[in-house]
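Go ahead and model the full structure; you've got the sequences and the hints to work with.
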Amino acid sequence: MHFLLATEPLNGHPEFFENLGYQTVGILVVITSLGTLWLCVEILGRLLNAYAHQAAPAQSPAPAPASPPSTESSITPEICAAISAAITNVLGSEVQIHSITPSPKTQANPFVQAWSVEGRRQIFHSHTLR
Amino acid sequence: MHFLLATEPLNGHPEFFENLGYQTVGILVVITSLGTLWLCVEILGRLLNAYAHQAAPAQSPAPAPASPPSTESSITPEICAAISAAITNVLGSEVQIHSITPSPKTQANPFVQAWSVEGRRQIFHSHTLR
Amino acid sequence: MHFLLATEPLNGHPEFFENLGYQTVGILVVITSLGTLWLCVEILGRLLNAYAHQAAPAQSPAPAPASPPSTESSITPEICAAISAAITNVLGSEVQIHSITPSPKTQANPFVQAWSVEGRRQIFHSHTLR
Amino acid sequence: MLKDYLDFFQLTGFPSITWQMPVMWAIVMVLLYLAVYKGFEPLLLVPIAFGALLANLPSVGLVNEPIGAMVSPVAGSVIEMHVKPGEFFEEGALIAVVSNPEGREEIHAHARGQVSVAHKAVGDRVLAGSLLVTAYSSEPGGLFYYISRGIEWEIFPPLIFLGVGALTDFGPLIARPITLLLGGAAQIGVAVTFMAATLLGFTVGESASIGIIGGADGPTAIFLSAKLAPHLLPAIAVAAYSYMALVPLIQPPIMRALTSKQERLIRMTSLRHVGKLEKLIFALLVTILCILLVPAATSLIGMLMLGNFFRECGVTDRLVKTAQNEIINIITIFLGTSVGMTMTGTRFLRQETLLIIGLGVVAFGVSTASGVLMAKFLNLFLKKKINPLIGSAGVSAVPMAARVSQVEGQRADPNNYLLMHAMGPNVAGVIGTAVIAGYYIATVTR
Amino acid sequence: MLKDYLDFFQLTGFPSITWQMPVMWAIVMVLLYLAVYKGFEPLLLVPIAFGALLANLPSVGLVNEPIGAMVSPVAGSVIEMHVKPGEFFEEGALIAVVSNPEGREEIHAHARGQVSVAHKAVGDRVLAGSLLVTAYSSEPGGLFYYISRGIEWEIFPPLIFLGVGALTDFGPLIARPITLLLGGAAQIGVAVTFMAATLLGFTVGESASIGIIGGADGPTAIFLSAKLAPHLLPAIAVAAYSYMALVPLIQPPIMRALTSKQERLIRMTSLRHVGKLEKLIFALLVTILCILLVPAATSLIGMLMLGNFFRECGVTDRLVKTAQNEIINIITIFLGTSVGMTMTGTRFLRQETLLIIGLGVVAFGVSTASGVLMAKFLNLFLKKKINPLIGSAGVSAVPMAARVSQVEGQRADPNNYLLMHAMGPNVAGVIGTAVIAGYYIATVTR
Amino acid sequence: MLKDYLDFFQLTGFPSITWQMPVMWAIVMVLLYLAVYKGFEPLLLVPIAFGALLANLPSVGLVNEPIGAMVSPVAGSVIEMHVKPGEFFEEGALIAVVSNPEGREEIHAHARGQVSVAHKAVGDRVLAGSLLVTAYSSEPGGLFYYISRGIEWEIFPPLIFLGVGALTDFGPLIARPITLLLGGAAQIGVAVTFMAATLLGFTVGESASIGIIGGADGPTAIFLSAKLAPHLLPAIAVAAYSYMALVPLIQPPIMRALTSKQERLIRMTSLRHVGKLEKLIFALLVTILCILLVPAATSLIGMLMLGNFFRECGVTDRLVKTAQNEIINIITIFLGTSVGMTMTGTRFLRQETLLIIGLGVVAFGVSTASGVLMAKFLNLFLKKKINPLIGSAGVSAVPMAARVSQVEGQRADPNNYLLMHAMGPNVAGVIGTAVIAGYYIATVTR
Ligand code: NA
Ligand code: NA
Ligand code: NA
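Chains A, B, C, D, E and F, in that order, are what the protein sequence lines are.
Heads up, the first sequence is in the numbering used here, so the first residue is 1 and it goes up one at a time.
Heads up, the second sequence is in the numbering used here, so the first residue is 1 and it goes up one at a time.
Heads up, the third sequence is in the numbering used here, so the first residue is 1 and it goes up one at a time.
Heads up, the fourth sequence is in the numbering used here, so the first residue is 1 and it goes up one at a time.
Heads up, the fifth sequence is in the numbering used here, so the first residue is 1 and it goes up one at a time.
Heads up, the sixth sequence is in the numbering used here, so the first residue is 1 and it goes up one at a time.
Please note that the accuracy of each hint is not assured.
Said to hold, decoys possible - Covered by chain E, according to a simulated footprint, are these stretches of chain D (three or more residues, beta-carbon under 8 Å): (1) 140 to 149; (2) 154 to 165; (3) 174 to 181; (4) 291 to 305; (5) 330 to 336.
Quick caveat, the hints were computed from the structure, so don't treat them as lab data.
Idealized CB from N, CA, C, for every residue including glycine.
Here's what the structure looks like:
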């Protein structure tokens, strides 16, 4: 495919202000791209959530009793062990875990939290090859 | 390697009967190829079987007592489970197995049958990548 | 990179003595190469050993009590089994092991020996693909 | 600087969006939905669809040929020549125009570069393949220019067949070799579809490639259409893999229509055990016989049986595992995306594609029917009857079609297990399709 | 014979040792020490360093081009032509000399051969790419002539990205998409370093390649410098991978200097669960948007998201495992050694290399600072504050930079777990760097 | 139509069967029998034999070169030119004839195509490599035309060596480095066989390739003969791999004849533990020294020690597993079949093949003897005696030859374990053979 070059391509040794303008445009392009992406993902998330809430009511009561109310007591020893293992794994054994308390702002239930931990663990494991 | 073209190669937009003849030859070629193969494999199987029967007598009595007479009672729970697992695996869990009875025409002993089941299971597992 | 050909390259059908000389040079080249390597490795080994001995004293007494004195009784059943398995593995099952006695000249402790056995086992396993 | 920023959007892909692109994006979404949520051959359709997405975005550096020799794609006269030795040109620049009675052909630059030699001048006559211009550029070709060599050079399909051979147990076929004929009969669907395509106005090369959809064998279909009708490759590949997934919907009505209740109840004797030696000789036999009879099928049949020999000989474990896993997986990723990459809107959004999709159903249907009818025909002569429901498995689509035989058999008699019997014609269909593909390659001019 | 033996040493590599070689051996030893004993990205630095060792030995048959067409690398006049048709020549023989106002360029033979045609004579004018001599040889090119095609043709970096995509969970980014802006802001380090490099006298192509070190993304850095400044590739690759390993040393002081104790104590709300559909749509969104906005980034972004789609769709297990393991491992071996192979003493032992290493620290530092400052800037508008310590993770260097955020966060408050929050900007940085690389490719002339 | 059907058999391969083909099929069966039922290096011999089967069938599209430039393979005069620009030609058509005092050489078309340019006319003089005709075709080259590039370009053997290095523990060699000399001495068999081959009328290039069979190192043998005597490659490869499997038959009588009972009873002191650092330095030492001394061995030695460095450094686990498995397995499949593909009847069914097979035994025998005698020679000077039975392991054939040493040792004294001691010369033999191969490459003209 063929693109007309609207701007002269930068070449050789440009002057300072020419270069500054060029770099600013570059950063704006990056921010525009990632910003657009942010908006799209934000909208997508809300759409899917709205849809999920519409679809959920019929089935949401079912899982609720299975997971106890999300208080501090909800951190079972299993979850504790999982978190410890994950953190040791990621940060090395020289790190000590003093206590695990659920973030007070967190609405997610412990299963979701465990999922997060596990998800992160996978990420950290995977990225050794760049 | 070089082959003289005995027939004119088919090209462009042939007439109906020319095409019909051409396709019939094609199917005959396929049937000839696979038919020849059939004959060869048939002969091969008999040769090997005849050879096996000549070689077998000395050792065939040995395995016989090990496998009980091939009656209906020969389907052990293990074989039953193996067959169920294989079939569930292949046909999905919506299939229910009502009963397993050895085919009355079958001379093979349960070990051969189990082999067959296992062999098929492997085939079905393997062919997910085409 | 470019190398001047000091010697005329050998080509066509050389005479016997020309060829003999040529081959002798070839073998000398091989011996020179591997001989130099021998010397270097010999020196390397001594340097590293000397360094290790300098560094060792502080920590060498520690492992000593852990490993019992390296007498004939030091061949534990585990090591015996490991050696048997390794040898069966390498030499095939038709070989029978009559007895395992530590080589009288050996100063190495059983752990080192076990290491050797394992190391060799790996080698033998690995080299099936040439 | 604000101007520069706005100017930059001249460089983005937005001005290059054509009406076909969003249409193709929608098609891609449908394919991905079928693959991910409906299980339509996802291992192939996911890479194909994602490749098609990339092909229908205004990408740069993805598919362009490397600069070097620019040749005339057709015979004719040079009527325009836009460059002189030493001149620089941009990507997409018009280099020359060649004209002949059938129209005019423009030669564009695939990347920035500089002309070294102009071999022809305005007015010169050229042949297909004549060198027009030699140019010089430090830009390489696009990523998929290189990866697609595996399709252009017909390397990927035989390597997939190497893995398929390593995954296939020909035991059931060897135990009852007459089922080879069922796999042969299913090729009638290929021949009938070929004729139908010719009647609809396709050339013979195109018709052969369309017909082979009825063989229900992805790699063979890709191999043949890369050779005889590369411009139809994406439509044929998509049709072939989609219908393979639809086998459980397409086949049963045909099978039931062509068989009586009594025939569907036929029980078949258990298959005998097939030993290693027999399997090894079979692999060699197929290789020798098929290559002698249809030399043009060599690379498919040869690799299939090489993989199978690895599998059965029992002493090349490392190699068989590599063929079954690494080789087949790596090639599948590259094959799928390369096929998708050819699926540009201008090529895919045509009436031909609809015709091909329609003809594909015909092909599968006739193949199914021929297999069933061949089984009924053989039953006229056989003492040990064949349940005609296994005839439909001759279309290959391994192992889907064999499963369909099993399910239909159990619908008539829940205690009838046709699965293993259907594997014979199922794998025979793979050989049959390779044979008829070889016949077409040998006798059809592109 | 003794004479022959001594003569043989004329054939050995000893006479070809240059002063650069032992210096490079020492550098190789340092790199290997860092990789093996200090854990500096060993998967890349070990092959690079070993390749560099081979490149700095008087090897034969390792990197030479195959004989065939010899073209002039520059425009000018042929002032010497040393061969005639039919003549044999040895490896390294001087074939021709081309002269132009900027100097004289010698064309040497890469292997033994025989001249078939001499296309030019003394006094002829030639262009870059003009054919000088066609020759014939039975010697192939060197091993790494062929393997390095993967870098020259820009195939390896996108294939590595295929594997990276298959290894990356974009969930944390999708759960809090605003962190995309942190990954974007970190590219300011790239732009600033570009400008600094230009001020130090590098050309724009070189400066862009140097700046991208700040992106902390090995494959992107290799991709860009192979395109815009291939002669700097080894220095840039070594700097990029070394600094990635040094992230835990470079980042913390900057992070602490730019944040208040209070900011470092900010706790962030737990991330919501992100479902499969959302992840799949995200992969397609990134592909479409980024390619539309920056078409030149297609092969990087396209392969990254293809691998990620394989990962998230759940039905292509075989393919995702192959992309995560076989493909990425095989390509890493070849990529690393090929990069090392370009690291010859004459190319590496230059002042530029020191400047690049210096500029690399600037790049990492400014990127880190920009990420942190962007987080503080966003906090001016946000109700749910972002802990600015995760801003530094926007440089990518996955997952090292996110670990640094976690460690620094816990230094302020041992109960604050920033790890998962830092993964968002961390993976956003990969996309951001690919975007700015695409911008440079589209707008900078080599 | 019946006529058409019968005509079709003109298209089959039957008319192209030559007397050599069935003979070669029989040879293939023998090789497969040895590989599958006798365990003769099946990983190599199965692909080689299956490749040879394909090579000796009248295949189509398997090995042909792609159409494009047709060059004269020899110098001489064009005495016939059968095509004109614009003309179409069929596969196999005679294009031109070049004649010189040594005979006439016909140039045939490898596929259908159309002539673009005829560069020469009848009467013109041409050199080897001169362009005769440029043609155009949509047909690609054959599958193994492409796969065999790995042998032609000498890529496969070094990559196999990468895997071999990753599989080899040089510990026993480092623990007792004097065994390097045993591995060196075994190369005397190579030199002696070279001389014997020359006396039997082979050229030096051929003789070097035959001699190297005595090195008992498949990849090195293939590497050298691809370079110096490609027409003998199949015979040499088959001989090399077969004799490696026959080591347990060939070596023991020689070993017993050359040693006294007392010598066979010598017990050797246990090997010391070799640490990681020592192994890493060893890998670098071998690389530097061998390349300096024999630059032509670079690609073999370099890849061998790169693989070994991966193995021993302990931080590149992913890479070492890939080198040991995927890379070596994939390349083995392609290498083996490519070698087999060169084994056509016209090339293999010659007196030379019998001579090569005979010389191969000589090579193995003399190598064995030289290793044993070198051990006895060294014992004259050593305090800690070497059991000369481990000298024979210097031929490499890892680990077969070391096993033979162990078995022979235990025959004399059931409590003597020579296995680990024999691994030293065994792996030294690999280096020794690469060194002498490098010597030949540097000094022998093909
Ligand atoms: Na089929
Ligand atoms: Na980045
Ligand atoms: Na050797």
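Here is what the structure says about each hint:
1. 140 to 149: holds (count 6)
2. 154 to 165: violated (count 0)
3. 174 to 181: Not satisfied, violated; 0 residues make the cut.
4. 291 to 305: With 0 residues closer than 8 Å to chain E, the segment 291 to 305 of chain D misses the three-residue bar; violated.
5. 330 to 336: holds (count 3)
Of the hints listed earlier, those the structure fails to meet are numbers 2, 3 and 4, in rising order.
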